[in-house]
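Student: So the chains spell out like this:
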Amino acid sequence: MRQTSNMEKPSEKSVFSMFLMGFWKRNPVFVLMVGFCPLVAITVTTANSICIALVVSFVLVSSGITLSLLRKVIPEEIKMAVLMLVASVFTTIAALFIRAGFPQLSTALGIYLPLVVMNCIILDRISGYTRNDSVLFSLLDSIGSSAGFSLVLVFTGFLREITGTGKLAEIQLFDKPVNVIALYPGGFLTVGVLLALINWFVLEKGGKEQ
Amino acid sequence: MPKEISKILDNVFRLTLLCVISAFLLSLVNSYLEPKRIENEQNLRAMDYRQVLPGARNFEKKISGGKKYVKGYGQDKIPAGKIITVYGRDYNGYFEALFGISEDYRILGVKFMNKSESTNLEDNASKEDFFRQFIGTSVHDLVDVNNKNVKKIHGAPVSSKAYINAVRKAIGEAESIDATNQ
Numbered sequence: 001m002r003q004t005s006n007m008e009k010p011s012e013k014s015v016f017s018m019f020l021m022g023f024w025k026r027n028p029v030f031v032l033m034v035g036f037c038p039l040v041a042i043t044v045t046t047a048n049s050i051c052i053a054l055v056v057s058f059v060l061v062s063s064g065i066t067l068s069l070l071r072k073v074i075p076e077e078i079k080m081a082v083l084m085l086v087a088s089v090f091t092t093i094a095a096l097f098i099r100a101g102f103p104q105l106s107t108a109l110g111i112y113l114p115l116v117v118m119n120c121i122i123l124d125r126i127s128g129y130t131r132n133d134s135v136l137f138s139l140l141d142s143i144g145s146s147a148g149f150s151l152v153l154v155f156t157g158f159l160r161e162i163t164g165t166g167k168l169a170e171i172q173l174f175d176k177p178v179n180v181i182a183l184y185p186g187g188f189l190t191v192g193v194l195l196a197l198i199n200w201f202v203l204e205k206g207g208k209e210q
Numbered sequence: 001m002p003k004e005i006s007k008i009l010d011n012v013f014r015l016t017l018l019c020v021i022s023a024f025l026l027s028l029v030n031s032y033l034e035p036k037r038i039e040n041e042q043n044l045r046a047m048d049y050r051q052v053l054p055g056a057r058n059f060e061k062k063i064s065g066g067k068k069y070v071k072g073y074g075q076d077k078i079p080a081g082k083i084i085t086v087y088g089r090d091y092n093g094y095f096e097a098l099f100g101i102s103e104d105y106r107i108l109g110v111k112f113m114n115k116s117e118s119t120n121l122e123d124n125a126s127k128e129d130f131f132r133q134f135i136g137t138s139v140h141d142l143v144d145v146n147n148k149n150v151k152k153i154h155g156a157p158v159s160s161k162a163y164i165n166a167v168r169k170a171i172g173e174a175e176s177i178d179a180t181n182q
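Chain order of the listed sequences is W and U.
Positions 1 to 210 (my numbering) are the ones given, in order, by the first sequence.
Positions 1 to 182 (my numbering) are the ones given, in order, by the second sequence.
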């Protein structure tokens, strides 16, 4: 797992390459292999996937900035407690907002909405922001990681909704969908196929470059 | 004071301060969002009521003989029927369903309330499809679990039986509420 404190500072890297690091080179799902719980459980529909992606992005970016600002006043001994506190506060704010504004979506996401706080991506990324990363680095890294994770979530949700239910946004596209894709085993199968395709693409590209 | 104790107290102070700030922030957000949440939930509930009792415009929560129900009224406050909530257990776990029942004990609409966080093979849409066969049915036609004329959900005999029992329970409750009121 990557340790952010070992990374170069923003001045030494372009803004785009820092964003790209979280988005692609260290993609939470395809490279770090974290965040599978919402990926498998929630990506049954595109709407659910977009919602959970927005919540994870909000929590990651807000926690990143807050912890980066607080890093000089948090002693090592209470660091973990503060990480959890900050992530919980932002997750609760997001959950309250969704429950108030979109009650049906909140019911559909169920326990996975408050569970965002325990998401490995959030714990992995924000633990780095309390070391010696600047606010700019934290912001760019969290935006990159959020964008990478969101892209995978939404794409998986889109694929599973079409193949598993035969619908897209409640519009019936075809009869006889592959029901198993909408269930948990289908989530693992879809992610497995996507991982295989990404690995194949990366190996192909690497082979051609050599 | 020993250095260790002063460090512990310092950490406790910092953590307590952060907790207090967090609690204050959350209470502010909650006090702003809570009225909106209540309003949205009431609107959604009213939509569900209108869906299961199509002729009703106004709804009133009532209790009769220890049973809770919702009475629907149409134009000029003419009673349009009752909405009975039935709790049951199907193959996937517990469910909550709303049944709209007319004054002559015919089923006017059914709605499943518990939207699961995952999709099951028999989702709420297929359950509601299954219940459509009972719309317009009266208690006198109903409902023998083993009746061959009653279509079951394909591949879900346990759940089909549970839902048919829910229909019977809803109509039974509507009758018993009226009996108590008389």
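The hints are simulated quantities; they were obtained by calculation from the structure and are not laboratory data.
Note that the structure is predicted; figures quoted are calculated from it, not measured.
Glycine is no exception: its CB is placed at the ideal position from the N, C-alpha and C atoms.
There's no promise every hint is true.
Subject to a maximum C-alpha distance of 25 angstroms in a straight line, what follows is the list of computed DSS-like cross-link-like pairs (lysine-lysine) [to be verified]:
1. U:Lys-7 with W:Lys-79
2. U:Lys-111 with W:Lys-72
3. U:Lys-111 with W:Lys-167
4. U:Lys-3 with W:Lys-72
5. W:Lys-79 with U:Lys-3
Examples of chain U residues lying across from chain W (beta carbon under 8 angstroms, computed) [to be verified]:
6. Asn-40
7. Gln-42
8. Lys-111
Reference excerpt, derived from the structure (chain U facing chain W, CB under 7 angstroms, subset only) [as the list claims (entries may be wrong)]:
9. Ser-22
10. Val-29
11. Arg-37
Student: Was the hint right that Val-29 of chain U lines chain W, CB cutoff 7 angstroms?
Tutor: holds (5 angstroms)
Student: Check the hint pairing Lys-111 of chain U with Lys-72 of chain W against an upper bound of 25 angstroms on the C-alpha distance.
Tutor: Roughly 54 angstroms between the alpha carbons, so the hint for Lys-111 of chain U and Lys-72 of chain W is violated.
Student: Just to be careful: measuring from the Cβ of Asn-40 of chain U to every Cβ in chain W, is the smallest value less than 8 angstroms?
Tutor: holds (5 angstroms)
Student: Have a go at the Arg-37 of chain U hint: is there a Cβ in chain W nearer than 7 angstroms to its own Cβ?
Tutor: holds (4 angstroms)
Student: Lys-111 of chain U was flagged as interface toward chain W. Is the shortest Cβ-Cβ separation under 8 angstroms?
Tutor: Since chain W brings no Cβ nearer than about 13 angstroms to Lys-111 of chain U, farther than 8 angstroms, the hint is violated.
Student: Hinted pair, alpha-carbon criterion (25 angstroms max): Lys-111 of chain U, Lys-167 of chain W. Please report holds or violated.
Tutor: holds (21 angstroms)
Student: Please work out if Lys-3 of chain U and Lys-72 of chain W have their alpha carbons no farther apart than 25 angstroms.
Tutor: holds (20 angstroms)
Student: Is the straight-line distance between the alpha-carbon of Lys-7 of chain U and that of Lys-79 of chain W 25 angstroms or less?
Tutor: holds (14 angstroms)
Student: Against chain W, run the beta carbon of Gln-42 of chain U and see if the smallest gap drops under 8 angstroms.
Tutor: Nearest chain W Cβ about 10 angstroms off; hint violated.
Student: Would you mind confirming whether the straight-line C-alpha gap from Lys-79 of chain W to Lys-3 of chain U stays at or under 25 angstroms?
Tutor: holds (20 angstroms)
Student: Could you check if Ser-22 of chain U really has its C-beta closer than 7 angstroms to a C-beta on chain W?
Tutor: holds (5 angstroms)
The earlier numbered hints that this structure contradicts are 2, 7, 8.
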